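Chemist: Each chain, letter by letter, is given below.
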Amino acid sequence: MHDLGGRQGFGPIRYTLNATAFHAGWEVRANSLYALAVRLGIFNMDEYRHAIERMDPRHYLAAGYYERSLTGLATLLVEKGVVTREELERRADGAFPLAAPSAPGRTNVSPRERFRPGDRVRVRSDYVPGHVRMPGYIRGKSGVVVSESPAYPFPDAHAHGIEAQDEPTYDVRFRSDDLWPNSADAALVHVGVFQSYLEKIG
Amino acid sequence: MTMPDQQRVVQRTASVEQRVDAVQAALDERGLKASEAVEELSHLALEQWIPQNGARVVAKAWVDPAFRERLLANGRAAVAELGLSMPKHHRHLVVLENTPAVQNVICCTQCSCTAFTIIGLPPDWYKDLDYRARVVRESRTVLKEMGLDLPPEVEIRVWDTTADTRYMVLPVQPPQTIGWPEDKLAALVTRDAMIGVARL
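Residue numbers (the numbering used here), protein chains in the order written: chain A, 1 to 202; chain B, 1001 to 1200.
With the rest of the complex left out, here is chain B (with noise of 0.2 Å):
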């Protein structure tokens, strides 16, 4: 693809691979540290932000009514407790609880924000430019076509994310799951469900 600039003669444009290259190299050249940094950020990436740090939450919550309470509160504090963190400028979360009539669905028609370190990176359709535009208008239609129909009864809230607050969902505890050990637990809770596009 050639993009209009009219001050420059007209070439071809680099491919995705050589752009990053490119930066990464010149970050490298100026001793920042660029391909270190690679490293362990892509570690961080796709080792450490993942789902099954806010499944752990959800299992707790569900378990213990006294950390449900703290979480519902002060999502960022009660997330700390099980040795989980967020990035510096995410200075809150807050915990959307399901209920049998009232199903939360977060998004960023803006960007594609997320609580990343706790409910994983979001998932590619998440930052689609269709789940952007849609889920905000036509809520109940976008989560049916995603295989989620909600009777008409059930509420929907949907919560874009436009400031630096995060949210997670919790998902209703599938009853036959009561009195389940918590790590059993921690191994149904999925993504999408932390997302709202999923019950469980």
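Excised from the complex, chain A in its bound form (with noise of 0.2 Å):
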């Protein structure tokens, strides 16, 4: 359900000036307790992103931000054997909801290649069950090299405790009207890729 890029139904954006990032203590003290648990090295981001797109997604439309925050830390808790359900639930006293089990990940891609700015490049057309860090709306997409990161952990990999190498992302930038035929405002979309997601064209 998180993939939400280009999706289409949304409504205006509820913009204000100013606009805080809290409304309510309780958000403050989840995003204390994810962040707490990231840095006692409980899982690491991608762990945690990968929770949070496990929930149900009834559950994900319905939530704000911070609880889905709150299901993510709760659910990786419980699966780490850090804490149970059952005392998660007799302390909140109440139904806890938390994402659904894991599908199985995967590692790099073999052989990956290096490109340069300037590169055409292609987004693969992967689909895999567990995590992964390609927005749905460029799979299958060419777009054009920009720069180069560092290299990261692969989030298809880190977030299922799998081995992988480290490998950089590309920025690469897409044409709106690639992604999205005749529907869609001009712009250039730029997305930080992983090499593994990407095959060089000619």
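What the hints contain is simulated information worked out from the structure, not anything from laboratory work. Be a bit skeptical, because a hint or two may be false.
Simulated DEER-style distance windows between Cβ atoms [unchecked claim]:
{"id": "1", "chain 1": "A", "residue 1": "Arg14", "chain 2": "B", "residue 2": "Pro1151", "range": "22 to 30 Å"}
{"id": "2", "chain 1": "B", "residue 1": "Glu1039", "chain 2": "A", "residue 2": "Asn182", "range": "37 to 45 Å"}
{"id": "3", "chain 1": "B", "residue 1": "Pro1100", "chain 2": "A", "residue 2": "Thr107", "range": "23 to 31 Å"}
{"id": "4", "chain 1": "B", "residue 1": "Glu1182", "chain 2": "A", "residue 2": "Thr84", "range": "52 to 60 Å"}
{"id": "5", "chain 1": "B", "residue 1": "Pro1175", "chain 2": "A", "residue 2": "Glu113", "range": "39 to 47 Å"}
{"id": "6", "chain 1": "A", "residue 1": "Asn182", "chain 2": "B", "residue 2": "Glu1029", "range": "56 to 64 Å"}
Fair warning: this is a prediction, and the values are worked out from it, not measured in the lab. Glycine included, every Cβ here is placed at the ideal spot set by N, Cα and C.
Hints given; two lone chains; assemble the complex.
Modeler: This is the structure in structure tokens:
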């Protein structure tokens, strides 16, 4: 449900000047508790993002940002054996919805190609059951490499505790009209794409 | 709201406050010092990770061309010169320079990532489903709804934060402020301008 880029049906942005990040004390606490768990090494950012992505879609859409954060945190605490769901529900005095179990992850694609700024690339048409940081709207689409980032842990593996090599991400520039032909405002859309998701054209 | 779960007796879902309390208490009981951490991290979130950090960066880039060059070449190293740090997993800060002909705007369609230690924690609307879904596909329309009606000749570049590289927008300095001191310039710079949904 989380892969929202380009989804239709959403309404006006609820924009206000100087909008705040938090609206209640529990939101600040939820944010701090997940940060604590990352700091303690209980889970990493990819595991955390993936846990949120595994939420029931109806819950995901209805929950606000910090309820999603709390659900991801609690799910991982249970999965890592830090607490049990029963204890959380007893302490909370009610049901504590958690995310669904994880599907298998994967390691890097091999061999991978090195790209240079200006290279034309295509995003592989991969569908995977586990975590992936390739937004669906670029799958199979072509763009131009703008720059290369330092190597990062490969999310498809890192979210699942699978061994993998760190790999660079490429800022790839797409034309909005290539992404959504005749159905987008004219713009250049830049996406940070992991090396494993890309292949060179020509 | 009741969540479907067939193995379990349906019971009332605990409130979010009760659920946060439960997690915090469970971690405290295990000696993980959650309540202390909440105090410390809440202070960081509310008092330290604020847009005034990024505003200082922008103001310095406006008055100091050598710093601007370093900032555009390696954002993470340049902000460190001002005593600003980023989490370890944010390995790269890319600073996107606006010009009168180019408007950069940042988003995160899959969650709500930002360079939060530099430009501040993201505002509510940035995390809303509507912004995440629409800004990549309907950029000009969305910006107009948010009060930024760009002339048609201005090119829009949207940056979707899909990896742990972070972005911030370097806004165009308003011409009437040329020659102002750095602290006065910093006071002009807003978080929304560094996200790219506003011009100064």
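Chemist: Decide, hint by hint, whether the structure agrees.
Modeler: We went through each hint and held it up to the structure:
1. A:Arg14 with B:Pro1151: 22 to 30 Å: holds, 26 Å
2. B:Glu1039 with A:Asn182: 37 to 45 Å: violated, 53 Å
3. B:Pro1100 with A:Thr107: 23 to 31 Å: Violated - the Cβ-Cβ distance for B:Pro1100 and A:Thr107, about 46 Å, lies outside 23 to 31 Å.
4. B:Glu1182 with A:Thr84: 52 to 60 Å: Because 54 Å falls inside the window, the suggested range holds.
5. B:Pro1175 with A:Glu113: 39 to 47 Å: The hinted range 39 to 47 Å holds for B:Pro1175 and A:Glu113, with Cβ atoms some 45 Å apart.
6. A:Asn182 with B:Glu1029: 56 to 64 Å: Holds - the Cβ-Cβ distance for A:Asn182 and B:Glu1029, about 58 Å, lies within 56 to 64 Å.
Checked against the numbered hints given earlier, the structure breaks hints 2, 3 and satisfies all the rest.
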